[in-house]
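*Asks:* Use the sequences and the hints to build the structure in full.
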Amino acid sequence: MSDIALTTAEYERVFAVLESCNSVRTVTEFRNVIVEAIPAVFPVRYASCFVGDTFESQFTDKNATATNAADHRWESIRENYQEHWARYDVFSLPQARRQLQSTRVASLSELGGLPKPSVVYVHEYLHPHHMHSVNAMHLDLAEGGHALIGLFDPDADALGPKDILALRLLAKQLAILTRSLEVLPGYDLFATLTTRQREVATLVSDGLSNAAIARQLMLTPDTVKKYVSRILAATGCSSRTQLAIDARRQTFQPISA
Numbered sequence: 000m001s002d003i004a005l006t007t008a009e010y011e012r013v014f015a016v017l018e019s020c021n022s023v024r025t026v027t028e029f030r031n032v033i034v035e036a037i038p039a040v041f042p043v044r045y046a047s048c049f050v051g052d053t054f055e056s057q058f059t060d061k062n063a064t065a066t067n068a069a070d071h072r073w074e075s076i077r078e079n080y081q082e083h084w085a086r087y088d089v090f091s092l093p094q095a096r097r098q099l100q101s102t103r104v105a106s107l108s109e110l111g112g113l114p115k116p117s118v119v120y121v122h123e124y125l126h127p128h129h130m131h132s133v134n135a136m137h138l139d140l141a142e143g144g145h146a147l148i149g150l151f152d153p154d155a156d157a158l159g160p161k162d163i164l165a166l167r168l169l170a171k172q173l174a175i176l177t178r179s180l181e182v183l184p185g186y187d188l189f190a191t192l193t194t195r196q197r198e199v200a201t202l203v204s205d206g207l208s209n210a211a212i213a214r215q216l217m218l219t220p221d222t223v224k225k226y227v228s229r230i231l232a233a234t235g236c237s238s239r240t241q242l243a244i245d246a247r248r249q250t251f252q253p254i255s256a
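Counting from 1, position 95 in the sequence shown corresponds to residue 94 in numbering that gives the first Met the number 0; the numbering is continuous, with no gaps.
For the record, the hints were derived by calculation from the structure and aren't laboratory data.
It is possible that part of the hints are untrue.
Quick list of simulated restraints, FRET-style, between CB atoms [said to hold, decoys possible]:
#1 6 to 142: 25 to 31 Å
#2 74 to 123: 17 to 23 Å
#3 114 to 53: 19 to 25 Å
#4 194 to 156: 18 to 24 Å
#5 18 to 74: 17 to 23 Å
#6 25 to 67: 17 to 23 Å
#7 5 to 143: 28 to 34 Å
#8 18 to 221: 23 to 29 Å
#9 208 to 143: 23 to 29 Å
Every value quoted in this text rests on a predicted model; they were computed, and no experiment measured them.
Don't be surprised by glycine CBs; every beta carbon is placed ideally from N, CA and C.
*Replies:* Here you go:
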């Protein structure tokens, strides 16, 4: 693809997206803008944006955004993805990760030798949701965070070689912006937790053991253990340590039970 020359039209698309992102200051603002900005000028119908503290955790982002996210179907699609399919996402595969880290943009069509679970993911999740052109853009965030922008279209040939090259140029420029974005304002990793689960997560971040949490909240240690397991599943944190790190960085707001 190195011998392909971009036309004025491709450069104008790149500049249009960069201009849309010019005033964003936080990850939350960026993720809401980018899922509308790219489909507005590139030949893809949908975009999504997943964020995580690690490359792996971004696939379980409960606050993921998407084009037309106000459509009630998005929430159902996201929940189905995270409950059943996230672990089989083709862009979580080693060969996809290498491609994303090398050129920042990878396409399903470029990935060969998919394991059977990922093949099933393509045919039983992506295709039924009219995602035949399947692409991803990887960006680095501040504090070692990661953002994965999915780009989808019903037409398998929606993006041509020049489009991919232009997206890689765009990603290179966006990466300069995203590394300086504020991570936390407006971003609630624990938005789906109940009041009690938030209390437990806060105490975990304070370094309390399950037994100590049980005494403070007047629960049994087994109940606390179940709470911690559910919190890990809900937040996508891989361990108690990761939960503690995220909880320390998160400003908890009281919510109704």
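*Asks:* Next, verify each hint and record whether it holds.
*Replies:* Tested hints:
no. : hint                   : verdict
1   : 6 to 142: 25 to 31 Å   : 38 Å, violated
2   : 74 to 123: 17 to 23 Å  : 20 Å, holds
3   : 114 to 53: 19 to 25 Å  : 21 Å, holds
4   : 194 to 156: 18 to 24 Å : 49 Å, violated
5   : 18 to 74: 17 to 23 Å   : 30 Å, violated
6   : 25 to 67: 17 to 23 Å   : 22 Å, holds
7   : 5 to 143: 28 to 34 Å   : 31 Å, holds
8   : 18 to 221: 23 to 29 Å  : 55 Å, violated
9   : 208 to 143: 23 to 29 Å : 28 Å, holds
Comparing the model with each numbered hint stated earlier shows that hints 1, 4, 5 and 8 do not hold.
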